[in-house]
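Enquirer: First to last, the protein sequences are chains A and B. So that you can map any letter, position 37 of the first sequence is 36 in numbering that gives the first Met the number 0, and since no number is skipped, the others follow by simple counting. So that you can map any letter, position 120 of the second sequence is 119 in numbering that gives the first Met the number 0, and since no number is skipped, the others follow by simple counting.
Note that these hints are calculated values from the structure, not bench results. Nothing here was measured: the structure is a model prediction, and the numbers come from that model. The beta-carbon is built from N, C-alpha and C at its ideal position, and this holds for glycine as well. None of the hints are false.
Pairs of lysine to aspartate or glutamate, EDC-like flavour, derived with a Cα cap of 20 angstroms:
(1) B:Lys309 with B:Glu345
(2) A:Lys220 with A:Glu198
(3) A:Lys212 with A:Glu198
(4) B:Lys273 with A:Glu66
(5) B:Lys179 with A:Glu63
(6) A:Lys105 with A:Glu187
(7) B:Lys76 with B:Asp268
(8) B:Lys94 with B:Asp268
(9) B:Lys273 with A:Glu63
(10) B:Lys94 with A:Glu63
(11) B:Lys185 with A:Asp58
(12) B:Lys185 with A:Glu66
(13) B:Lys185 with A:Glu63
(14) B:Lys297 with B:Glu74
(15) A:Lys105 with A:Glu198
(16) B:Lys94 with B:Asp270
To give an idea of the chain B side of the interface with chain A (calculated C-beta under 8 angstroms), a few residues:
(17) Gly65
(18) Ser90
(19) Ser164
(20) Ser167
(21) Thr193
(22) Pro195
(23) Thr200
(24) Gly201
Not the full set, but computed from the structure, chain A residues with beta-carbon under 8 angstroms of chain B:
(25) Thr242
(26) Gly250
(27) Ser277
So the chains spell out like this:
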Amino acid sequence: METVKLRGGSPLYDKIFKIGAAIAATYVLAIIVLIVVQLVTNSYQIWAQEGISFLIGSDWNAVEGSESYGAAPYIIGTFVTAGLAMLIGVPLSMGIAMFLSELAPKFLRSILSFIVELLAAIPSIIYGLWGLFVFRTYLLNWVETPLNNAFGGSFWLFSGTPFGLDIFTASVVLAIMIIPTIASISREIMIAVPNSQREAAYMLGATKWEVFKMAVVPYSKSGLVGASILGLGRAVGETMAITMLIGNATGQSAFPSSLFSPGQTLSSIIANEFPEASSGSLHMAALIGCGLILFIIAIVINIVAQLLVSRVLKTHQGAVLV
Amino acid sequence: MKKILLALVFMLVLIMPATMLHASAQTQSYSITGAGSTFVFPLMDTWRVQYNNLHSNIQLNYQSIGSGAGIKLLEQKTVDFAASDAPLQPSEQAKAPGVLTLPESIGGITISYNLPGIDKGLKLTGPVIAQIFMGNITMWNDPAIANLNSGINLPAQKIEIAHRSDGSGTTYAFTDYLSKVYPQWKTVVGQGKTVPWPVGTGGPGNAGVANIVKTTPYACGYVELAYVYQNNMTYAFVQNADGNAFVEPTLDSVAADAAAASTNLPAADGDWSKVSIVNQPGSNSYPISTLTYVMVYKDLSQVSGETQDKSQEVINFLNWIIHDGQQYSSTLLYVPLPNSIVKADEQGIAQIQFGGSTVPEFGPITALVFTIAIISIIAVSAKTGLRLVSKF
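Build out the structure end to end from the sequences listed, making use of the hints.
Expert: Structure (structure tokens):
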């Protein structure tokens with residue numbers, strides 16, 4: 000057996016290591032605390048001035064002298080775009096993950112997984128530009144206009160004038176952006192399900208679908224929820240692509256009245272107006288207030304995700320969180 | 000561990016003289032920093048290259064982060080100058096007292112449209128433009144438009160309005176014009192870099208609006224002159240202030256408007272917040288135009304890192320951009336300054352001075368920090384028994 004020779008004062012190294020690790024851990028906490036302090040102090044002005052109407056109001060007037068701010072349309076816009084993106088993205092991602100982990104032949108599996116992960120690495124500005132210059136036209140001519148012609152008069156969801164720069168386009172591109180994230184994590188989780196589970200189900204005479212339903216899903220449920228929440232996190236915070244595609248309405252007209260009306264999200268209004276807002280003004284405070292709301296939404300989403308995952312864990316005793 | 004520490008100390012010892020050398024070599028060369036307007040960035044960048052060709056010791060470092068952000072840096076006194084599309088508002092003046100406002104270029108704003116089969120030259124008046132952007136005139140064949148354009152067969156289509164989604168000097172100038180020519184605009188929408196648009200879709204930047212107009216039939220938006228020329232877009236002729244002609248937006252007609260306004264401009268250290276050059280008299284004056292500004296402290300000594308010599312270089316540079324620098328404007332589709340404004344700028348630049356004590360230079364401070372760092376490392380390691388040299 001080889002002996003490890005420690006040279007120098009080993010208690011000192013230990014101390015340095017402990018202090019180093021503690022500093023690294025404190026760093027995370029300090030950043031969060033500083034963010035909260037900054038957001039609250041810099042947006043204090045808007046809460047003092049507008050109070051609750053900043054949350055429920057829809058005025059957005061930055062003209063000096065008649066300033067008035069309400070973030071309700073942007074809060075709703077954020078939830079609507081993220082929700083629609085999840086509605087489109089999650090089933091597709093689950094399908095991709097299912098195919099890659101359960102059905103795909105081996106050679107296809109590695110190629111496709113690689114491509115999915117490649118998609119996750121594309122910067123959002125590229126998705127935004129592609130959406131603006133290429134995808135928008137197709138969506139407008141092949142989806143929005145026919146839907147509007149067929150149902151526009153009778154069904155509010157498809158009413159309005161299709162323009163290509165609206166909540167629908169933004170949500171579809173957002174869905175495309177979150178699919179790789181959700182799909183690649185879900186695939187990892189499904190692959191991590193032990194083969195003994197599958198074999199047991201096959202032994203009972205289960206078909207492929209039944210194996211998936213009986214063995215894979217219960218075992219990996221919490222992980223799949225977690226993967227979706229990660230996607231939701233990206234959807235809520237996404238800025239550049241949304242700013243380019245959502246049409247950037249402000250005030251009353253930013254309330255989404257149909258799929259084909261321009262909207263605005265919390266992050267896009269910050270991206271749009273922050274650079275030209277004069278420092279210390281009410282306008283600046285309002286935009287930082289939007290940041291605070293976005294921050295709170297992110298925290299709530301994470302807490303809900305934690306609760307969901309732990310509940311799933313409890314109901315499936317014995318399941319292992321991967 | 001020991002080896003790493005040893006290497007670190009060696010590195011510091013090597014770096015120290017190098018830093019001092021570097022600092023002493025730099026005494027002759029300066030970096031002039033500016034920040035602000037994205038609109039002037041192409042021109043600023045040309046100036047950077049051309050000025051560096053003439054004076055190889057001067058580097059211009061201009062960050063196009065938006066006019067508002069540029070003014071913020073000016074308030075914090077971390078840049079030599081800021082560039083802005085809109086003048087300082089009273090609240091900003093209070094935070095940055097003693098700032099000189101120097102017009103450095105002129106921009107024109109066009110009403111651009113996408114009407115299949117109709118070329119440039121649709122005739123519009125100020126009140127009609129205002130009503131289109133307020134949503135009062137919604138159809139292209141509205142009598143108000145048709146009466147001005149008797150020869151043109153206007154389609155019975157809805158006007159798709161495109162406007163800027165980001166805060167912008169272009170919006171500031173456009174709403175300035177509409178407030179002047181159609182009083183109702185001032186009460187309903189108002190004037191500013193960001194205004195509550197009653198109708199339309201917002202695109203980020205001039206490029207964003209231009210993209211919407213180009214790709215959407217029956218769209219109409221306000222776009223900066225250079226973008227319209229570069230993208231071969233169609234644009235309207237707008238009635239001049241005299242009311243006797245519809246003027247095509249060109250470099251000359253925008254310059255004519257600015258020249259007509261130059262007699263009413265305040266002094267460089269005056270209050271510019273009310274300055275507007277829209278809708279000036281003259282039969283060839285295109286009415287929707289705006290000045291863009293360079294803003295610089297009258298007493299440069301309050302800017303961090305400024306020295307007597309460097310402030311002289313800043314003054315030389317500013318003098319160059321309003322004289323020789325203007326020759327690069329028209330090729331980039333910026334409007335060169337008329338002589339009357341150049342004269343006013345000269346008087347403004349003459350006021351720049353450098354008062355108070357000099358700020359310590361970077362070199363000695365760095366050397367001091369490194370020396371203290373090395374001494375403390377040696378002291379700490381001696382105390383704690385982290386031996387730097389192994390004992391054999």
